[in-house]
Amino acid sequence: MTEATSASSVTISTSGDAALRVSGVLPDREATWRLMHHLARALDASRVPGVACVIPTYDAVLIEVDPHEVAVDRLREFVGVLAESIDADHPLTELPRVFEVPVLYDLDGELDLRSVASAQGLQIEDIVRLHGEPEYVIRCLGAPGGSPMLDGPAFPQPVQRLSSPRAHVPAGMVSVAGRQATITPAPAPGGWPLIGRTPLTVLDLGSEPFVPYEPGDIIRFRQIDIDEYQALLGTRMVAR
Amino acid sequence: MTSGQLRMVEAGSTQVTDLGRSRGPRYGVPVNGALDQRSASIANTLVGNARNAPLLEITALDAEFVADVDILVAVSGADGTLLVGGSARPWNQPVSVRAGEPFAVRNLQRGLRAYLAVRGSFDVPLLLGSCAPDSVLGFGGRVSAGEALSLRASTAPLINAHFGAELYRLTLPAAPQSFVVDVTDGPDIDDFGATADRLFAAPYTVTPTSNHIGVRMTGSSLPERRAHGEVLSRGVPVGAVEVPPGTELLVLHRGRGVTAGYPVLAVVTTTSLDTLAQVRPGQQVRFRRVSDAQAATAIRAQRAELDALRSRVESIFAALQQPHNTTNGRILS
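Heads up: the sequence lines are chains Y and H, in that order.
The letter at position 224 of the first sequence is residue 224 when you use my numbering, and the numbering goes up by one with no holes.
Whatever position you read off the second sequence (first residue = 1), add 1000 for my numbering.
Be careful, since some hints might not be right.
Looking from chain Y toward chain H, a few residues come up when the C-beta cut is under 10 Å (computed) [said to hold, decoys possible]:
1) Asp17
2) Ser23
3) Cys140
4) Leu141
Where chain H lies over chain Y, by a calculated footprint (3+ residues, C-beta under 8 Å) [what the hints assert, rightly or not]:
5) 69-78
6) 143-153
7) 200-209
Some chain Y residues near chain H, calculated using beta-carbon distances under 7 Å [unchecked claim]:
8) Thr14
9) Ser15
10) Gly16
11) Ala18
12) Ala19
13) Arg21
14) Gly50
15) Ala52
16) Cys53
17) Ile55
18) Thr57
19) Tyr58
20) Asp59
21) Leu62
22) Ser115
23) Ala186
Read the hints as simulated data drawn from the structure, not as lab findings.
Since we're looking at a predicted model, the values are computed, not measured.
C-beta: ideal position from N, C-alpha, C; glycine also.
Produce the complete structure using the sequences and hints provided.
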């Protein structure tokens, strides 16, 4: 059985000889999410020898180590102490940046907007409206290449993933799945239903990070038509 | 500043890589890099390079090269034949190759991947500090026949003037002979209930759909997820053993998507990930459960072996640079 260390705010499990999984166990989902990202930042700032990469998501942090440099069981205690020292009520970002993302929705039925709408028992206009309403908080960065992972729009039901994933999803696709939403910065295979596309260029391989936003920043979607799409094509995504 | 070029005569399935993009996963970018990290480290160490220096990963197929300067190379990983100017030269040893002399890696067997390091390494583009190809981002990739790679250094031949033989033979840490794959319990093993033990009951056969992202296997009886409910996407480690819907077991390797929502049944140890990188489709592996402490001991033992090899190689290179050795061999430039 995998040993787990429990503190009041986190459970820490070994995930092989080169990683620890820290799971947040605070009763409040938002506080758990903040705790995970504060913990990741604190670990980065403390520059622990042997820690190769820290990956915070919604309610967990994966800490990858170089097992030649540090044993995960040694690290576990330090991480537990660090987690206890964090104020999970502290905002993740004092002044979140807002990114406005223009979207050419799939009104012509070329992508999956129609099937998403019919599965929800809604018109495609309702899906477009619901998707465009929220101020989305970027929860974490995901595959491929820094996708902004967002809590999904207020659809009546979770969105079913495609039964057969696409082998190639181009960059700039706007998609939803389950209770989540995202934009794909890089072309990749994918099983999320696509409801539109943005003309913005999200990924810049010449900079680090590759993407202009970080967890805690805000995304808003704005409907555009084909003319505006063409005019904006290739524009770099920047904060408003 | 470059010191010549290595040209691909026959490319096979070869790419320039290193030990991986360790800064990538926090941005959702897989770590990638040499799938057999141990063999890549050995090849680099044998020619006096840093463990993480760019080198060539040669998968399954023959490859042939020619450099326009004198170089020192070493090949490690799967067994095979190293031919220099048509003559067989030792595997797992530093070998001098003269300018214009074609050399080839052929007949890979008892494994899938060989690593060819050149003393001084290659001058190649980096992304987040690594040259490792990323198939999703479209960075790097296979080299093609005719393509030339920039070398960072040339190395005058290290040949015994009297016998034409190598000046030294190094003893290598023994490579694993069988495909036993050690795993530690994963953080979600409880989700599989008693079916988790099926992982250890019988061998699994690697299927041809396996690649750098994941090794897929079939077996007589797969563990089954007993717990249900949606899991939020979270970071998954390289080596995670998952049971996706279908009939295959999946072991994530270094090209894995960084986040996923599947429960992690077990995690292949760092040393056994190297073993897994050498298994060919159709071959069988047997999983063995080890404790976290056993896994940590294995990785420390491997590191000690690599350090000892580095120390011997450094002694040899230091000795070769002493003036009194120039009567039997030639000094390093």
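Checked against the structure, which of the hints given earlier come out wrong? Failing hints, ascending: 14 and 22.
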